[in-house]
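K.L.:
For reference, the chains in residue letters:
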Amino acid sequence: MRQVVILGGGAAGLAASVELSRRGLVSTIVERSPTLGGRSLDLACKGSPACVRCDACYPHDLRREASGSERVHVMLRAEVEEVRWTPEGAEVKVSTPDGMTILEAGAVILATGSTPFDPSADPRLHSQDCPDVLSSLDVERRLAAANRLTVPSTGRPPQEMAIVQCVGSRDVKRGAPYCSKACCKYAYKLGLRLRHLHPDLRLTFFFMDWRPLEDARKALEAWAAADSQVRLVRSRPAEVIPGERPTLRYATPRESVEEESFDIVMLSVGMVPCSANPRLAELFGIDVDALGHLRSDRERVLVAGTSGGPKDIRESVEEGTAAAGLAARILEAKD
Amino acid sequence: MSGPTILVVGPGKAAVDAAIEIRDQGAEAVLVIPRFPYPGLPEVLPGIDVLSEHELLRLDGGPGDFRAHVISSGNVTEVHCAAVVMAPEPLPPMPSGTAGVMTLHQACCEGIPHSVQQLVIFLGPEADRPSFVRAVDLAIKACALPAHPRVWLFSEEMQAYGADELLYADAQAAGVTFVRTNGPVTLNTDPLRIGAVDIPSEVPINILPDLLVTDGVTDSEALSRSGPAQLLEGTVGHVSMGPVATMREGVFLCSSYDGGALEGESRTGARAAAARAVTLALNPLTRSAAVVDRDKCSACLTCVRSCPFLAARPGDEGKAVIDSTLCQACGVCVGGCPSRALSLPEDGTMGPKAGLKEGLE
Ligand code: SF4
Ligand code: SF4
Ligand code: SF4
Ligand code: SF4
Chain R
1 MRQVVILGGG AAGLAASVEL SRRGLVSTIV ERSPTLGGRS LDLACKGSPA CVRCDACYPH
61 DLRREASGSE RVHVMLRAEV EEVRWTPEGA EVKVSTPDGM TILEAGAVIL ATGSTPFDPS
121 ADPRLHSQDC PDVLSSLDVE RRLAAANRLT VPSTGRPPQE MAIVQCVGSR DVKRGAPYCS
181 KACCKYAYKL GLRLRHLHPD LRLTFFFMDW RPLEDARKAL EAWAAADSQV RLVRSRPAEV
241 IPGERPTLRY ATPRESVEEE SFDIVMLSVG MVPCSANPRL AELFGIDVDA LGHLRSDRER
301 VLVAGTSGGP KDIRESVEEG TAAAGLAARI LEAKD
Chain P
1 MSGPTILVVG PGKAAVDAAI EIRDQGAEAV LVIPRFPYPG LPEVLPGIDV LSEHELLRLD
61 GGPGDFRAHV ISSGNVTEVH CAAVVMAPEP LPPMPSGTAG VMTLHQACCE GIPHSVQQLV
121 IFLGPEADRP SFVRAVDLAI KACALPAHPR VWLFSEEMQA YGADELLYAD AQAAGVTFVR
181 TNGPVTLNTD PLRIGAVDIP SEVPINILPD LLVTDGVTDS EALSRSGPAQ LLEGTVGHVS
241 MGPVATMREG VFLCSSYDGG ALEGESRTGA RAAAARAVTL ALNPLTRSAA VVDRDKCSAC
301 LTCVRSCPFL AARPGDEGKA VIDSTLCQAC GVCVGGCPSR ALSLPEDGTM GPKAGLKEGL
361 E
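Just so you know, the sequences run in chain order R and P. Quick note on my numbering: the first sequence kicks off at 1 and runs consecutively. Quick note on my numbering: the second sequence kicks off at 1 and runs consecutively.
Quick caveat, the hints were computed from the structure, so don't treat them as lab data. Possibly wrong hints are sitting among the right ones.
To spell it out: a stretch of chain P is covered by chain R in this simulated footprint if at least three of its residues, at any positions, have a beta carbon under 8 angstroms from a beta carbon of chain R; those stretches are [what the hints assert, rightly or not]: (1) 26-38; (2) 155-161; (3) 237-251; (4) 260-269.
In silico lysine-lysine, DSBU-like type, Cα no more than 35 angstroms apart, as pairs [what the hints assert, rightly or not]: (5) P:319 - R:185; (6) R:173 - P:141; (7) R:185 - R:218.
Residues of chain R placed beyond 12 angstroms of chain P at every Cβ, according to the derived structure [unchecked claim]: (8) 73; (9) 76; (10) 101; (11) 118; (12) 138; (13) 156; (14) 184; (15) 224; (16) 229; (17) 231; (18) 274; (19) 276; (20) 318.
C-beta: ideal position from N, C-alpha, C; glycine also.
With the rest of the complex left out, here is chain R:
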């Protein structure tokens, strides 16, 4: 029987494999890195203390189910080398450290994800010469590993922390011109977790528009009104001035320029398209849109997750599940 070949073992790819396996269909995940799980491996649970639905555990649950299923095959450190179309689907040639394999695919799901914006690409942020300027992913990793946050340069718990939104997003010159969609959601939930872990911590959010996903739009405002340690500034800081403590320079609504220093400056980074997208598009005979995301008109090639545009974990998982349904339809129509 033909199977579904899934490129990428992150949230969307795992969701697709799990749904197919539950349906009784076989799939192979072709993953470039040495592990399954994708970006989510670095993310922390934001329970503070009850679950706040950050969705970071979706991929872990899915990975457990996929690993335990005999209908999900996994190829790690694997790359697609060649695709040959046949009347029944595609022959996908995959190279792994153990050699070449040809997979007979009835359908292909491209779930190769995106790349987090690297703040060092923006020299104004001084993320490389200032140890206390952390990207949101750094903060996630630290929280996941130690379940608390310390100021990198002093090792002490932070007192004053800034959270800067839209880093690498909504910027025509650096990063992506679009909104990355997930960063307001995760920054809010990270903030809740941090406040829960560090009762003395003062948090300042810098943002232009507040765009949470499933949370109420006013949830952040309500939190700031109820918690005197949380402050909101509607501004996009122009730069970080390095020093003993990083200082943010920002314009206030009244057009004056302020400077303020913090123990930690967290940059809520967005998602930029993966550099492998053009190669993938060429291999599978599909398109890359003007923003660099994958678009497929081919019936047998389905795009799921952030390779098709920015989205949060939940939407990626839903897309993976939906793609599995579409793939099942193609496979079952053949039999």
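Given chain R's structure and the hints, the job is docking chain P with the ligands onto it.
P.N.:
Below, chain P with the ligands without anything else, positioned relative to chain R:
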């Protein structure tokens, strides 16, 4: 073809999308919908059993064997189904009765009259996420009309998610003036006038438009949702029950974002719910939950207090009962039980939930 039956309940596009997907994946879709056909929905749905002017009253049974009671003008019928997809969705508000005022939905469906010279689109505090994109889109179209009207868009925030962000640049290039309001907005209908303070400039702005398009001004009847309340309130399933799950096994929920889902999200949710419902209908899944050994349980209720998912409850003689639909097999109770009365048939959940456990200790 006659696969298992899946019930789809909802008033709008998401329900229709889900029903089509269920049909295409080889199951029988029964669509329970308050009004059909409805503007914006397809006229006919071949291969789908449409129960229009019906509402879901009650749902008995469980996965593989649900009995849904649907009601239409006082008559209750029972539908046997294997799984259920709920697609609650706000229906667009009724068209405005005031001259010179249109609702956003109305303006998007009917278009802007060509005679308009001064157009104001106002998004109130209740406007949901998809309204922003629709409003910007409408503003761009209005600018392109032969009369070249002046177009203002009043709103508190710019809710342009993802690539919709780029629409703003297009709108600005087309000549749309964005007014960010902060605080009260005054709306008069005779004469038509809108007044607000723009931020950050803090300049008061007063405009006398000849057409005012509004959305999200009140949350009145606009939010008509379909389905029995107890199936919709707080039913989003815990994250480890998988996507589009509800607390009730076999019932899937799409378009459940607060404030409305964007078009793409709604389609994805409908397809995901359809896929999960078909999978479940074809092969019902068994899942693991903590098991209480009643002989060993000393009714201390440690597990009732410590379960992060509220799955443990006191039962008869005070001994613990685990609700298998709520239990996430996290293992917290197993480790905490002083009488060693609890066990997990399979390995517990690993991963980031470990942090949640520590938070509760
Ligand atoms: S990882 Fe997120 S969704 Fe999962 S239990 Fe923790 S807070 Fe909840
Ligand atoms: S989700 Fe929020 S932080 Fe991210 S790009 Fe959009 S507005 Fe900025
Ligand atoms: S913790 Fe153990 S002994 Fe106590 S009520 Fe629960 S199952 Fe019974
Ligand atoms: S295993 Fe976890 S979820 Fe299940 S009853 Fe015990 S504490 Fe609750």
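K.L.:
Compare the structure with each hint and give your call.
P.N.:
To see whether the hints hold, each was checked on the structure:
no.	hint	result
1	26-38	violated (count 1)
2	155-161	holds (count 5)
3	237-251	holds (count 6)
4	260-269	holds (count 3)
5	P:319 - R:185	violated (40 angstroms)
6	R:173 - P:141	holds (28 angstroms)
7	R:185 - R:218	holds (12 angstroms)
8	73	holds (19 angstroms)
9	76	holds (19 angstroms)
10	101	holds (28 angstroms)
11	118	holds (20 angstroms)
12	138	holds (17 angstroms)
13	156	holds (21 angstroms)
14	184	violated (9 angstroms)
15	224	holds (15 angstroms)
16	229	holds (19 angstroms)
17	231	holds (17 angstroms)
18	274	holds (16 angstroms)
19	276	holds (20 angstroms)
20	318	violated (4 angstroms)
Checked against the numbered hints given earlier, this structure breaks hints 1, 5, 14, 20; the rest are met.
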